[in-house]
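Using the hints provided, position chain B relative to the given structure of chain A.
Chain by chain, the residues:
Protein chains: 2
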Amino acid sequence: MTIKDIARNCGVSVSTVSRVLNHHPDVSQEVRQKVLDEVERCSYVPNNSARDLVRTRSDAIGVVVRGTGNLFFSAVLKAISTEIERCGYTMVLHYIDTDADEVKAGAVLEREKKLRGLIFLGGRFDYRPTELTTVTVPYVCCSFTNCFGSLEEQAYSSVSIDDYQTAFRAVEELIRRGHRSIAAVLPGTGDRSISELRYRGFCAALENNGIQPNPELLEETGGGFEMADIYQGVCRLIERTKDFTALFTLSDTAGMAAIKALEDHGLHVPEDVSVIAIDGLAVSEYAIPTLTTMVQPAEEMGKETVRILANMLRDPAYFRHKLLETKLREGASVRSI
Amino acid sequence: MTIKDIARNCGVSVSTVSRVLNHHPDVSQEVRQKVLDEVERCSYVPNNSARDLVRTRSDAIGVVVRGTGNLFFSAVLKAISTEIERCGYTMVLHYIDTDADEVKAGAVLEREKKLRGLIFLGGRFDYRPTELTTVTVPYVCCSFTNCFGSLEEQAYSSVSIDDYQTAFRAVEELIRRGHRSIAAVLPGTGDRSISELRYRGFCAALENNGIQPNPELLEETGGGFEMADIYQGVCRLIERTKDFTALFTLSDTAGMAAIKALEDHGLHVPEDVSVIAIDGLAVSEYAIPTLTTMVQPAEEMGKETVRILANMLRDPAYFRHKLLETKLREGASVRSI
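For the protein sequence lines, the chains are A and B, in the order given. With the first sequence counted from 1, adding 266 to any position gets you the numbering used here. With the second sequence counted from 1, adding 266 to any position gets you the numbering used here.
One chain only, chain A, in its complex shape:
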């Protein structure tokens, strides 16, 4: 696919396509839209010389990764990296801690590296528009969206799963397998984060099946996402009560840490306690037992994020909020009772 193909498909000249890509005003709105639609439909990637025509600043796309130990993000990052390159841009990577401010980091990166666009891989769910004024380039939230915040929908893009719905389905699976005393170990339940969203899905699935969420079966880690935090949370839960047959966790690494804590207390998985998680990492397939988990499409998530950003760079009015499907990977950590 070249700029000539785009021009031919649209019935316009090559220079018209170039003017559209270059945001020249002397193109009718109708032609402009036709060209942009075709560019999007074909996932057209400008070649170097064409890109040089439209390039006004650098070709750098910043990627701010929040959470340095997150194995799911490692999987998404590979797809982001590959797709950024395929699209002819340069990726500038920046890691921050889970409790650091990704917007501030992104704004600094934008200025220092003269970015054309930004990808936040992990971040807060509650942005206010005033906070985002420091970011002046197009940006895509990857793996999260602004469901607790007040950003205008067209001010940004996002690619994520439906966290609420995915947690709901995971817990429904436990209930379908006969479980009714279901515990949860989570970073937090009112922190306006991924943890709160998934906790809401957890509660909704229980209530949908006539089960009242039991505060005794809930353990919060105070924000900690690391395997050590979850391990300790599960230990506290077990020391308080063993009155549950299943445990819901937020991520595959959390699920693996939970299984370890259960086994270390003499509780076997799945004989004594079933464990379910969300992510679908390769490494959790080799956990003992193989983790039952809701698979997030890591590669698709990374690719979609870059494609949407590339469209935003071509067309300042473009935005998308894409929810990706998750699906159950049946392992051996959940049994029917």
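Derived from the structure by calculation, the hints contain no laboratory data. Among these hints, one or two may not hold up.
A pair counts as met if it fits within one copy or between any two copies, since identical chains are not told apart.
[Claimed, not checked] Distance condition first, Cα-Cα at most 25 Å in a straight line; then the derived PhoX-like pairs of lysine-lysine:
#: 1; residue 1: K300; residue 2: K270
#: 2; residue 1: K344; residue 2: K370
#: 3; residue 1: K344; residue 2: K569
Below, chain B alone, put in the same frame as chain A:
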């Protein structure tokens, strides 16, 4: 630490320091060496304005990561990223498959992104000088070095562990615990890669203890490094013979996959078979049982790589080949017999 401190410590003017950093010829060799030694001693990081003085091309450092599913590399990469930023450079990341050519990828990246330097995270151990002529910027091999190749020592730098010695010590640990029938599942034994190096260490430890390596107890995966490859390799081994009490594997993920394969065949770890690995990932601490492994210092490896490259960028004559220490992390996957 500023350029003024460097100048004062050396008893020269600020402009002399600047001329040295900028590779101006009008500085005596003696003064030049004194300044460069001080810059290295202080781990001096030029600030932006000082850097602008010396900057001739971009501030981009390319990082070519070979092996997209390598969890150890993910840990090293975070340290590389943080240190590149701390040094005031910009990281350009590029992933390639385990069987792809990192030199070719690096050469393309160098031209396209106008790199100042390159880091190869993972790569071949047998470079010939003619192959490397396409890479014209300073480069550091991270996690490997050129022990099967013919590069001049001063043509590049490297930061790695002593693969032979680390494997030797892992196998010595198994022998110390009473094991003498020790199997190995590896990508290859004559592939001039990390696998061959570690296999040589494995054999040397056996021979050092009067044990003849037994070809029956060796299984090669034909180059495969993935968990699925190792899992299948261990399955083939078990189906051929169960006449071993311990198993040596190349990496933590390989160790975890091996434990899974053993358990799936009804062999318990460590009751029936002890398993040892090399890496020391966080995730393998939560494996069941906790993996006994030789810990590579991932963070130090990443930091040292960038520091050495920064010195190479300041001083064209600079090179270093650094071997980092590994240490045993006692888990529960090895028992005494």
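Hints versus structure:
1. Taking the shortest alpha-carbon separations for K300 and K270, only the intra-copy value of 15 Å comes in at or below 25 Å, while the best inter-copy value is 59 Å.
2. For the homomeric pair K344 and K370, the shortest alpha-carbon distances inside one copy (24 Å) and between copies (19 Å) are both at most 25 Å.
3. Taking CA atoms no more than 25 Å apart as the test, K344 paired with K569 passes in both settings, with 9 Å inside one copy and 21 Å between copies.
Comparing the model with each numbered hint stated earlier shows that all of them hold.
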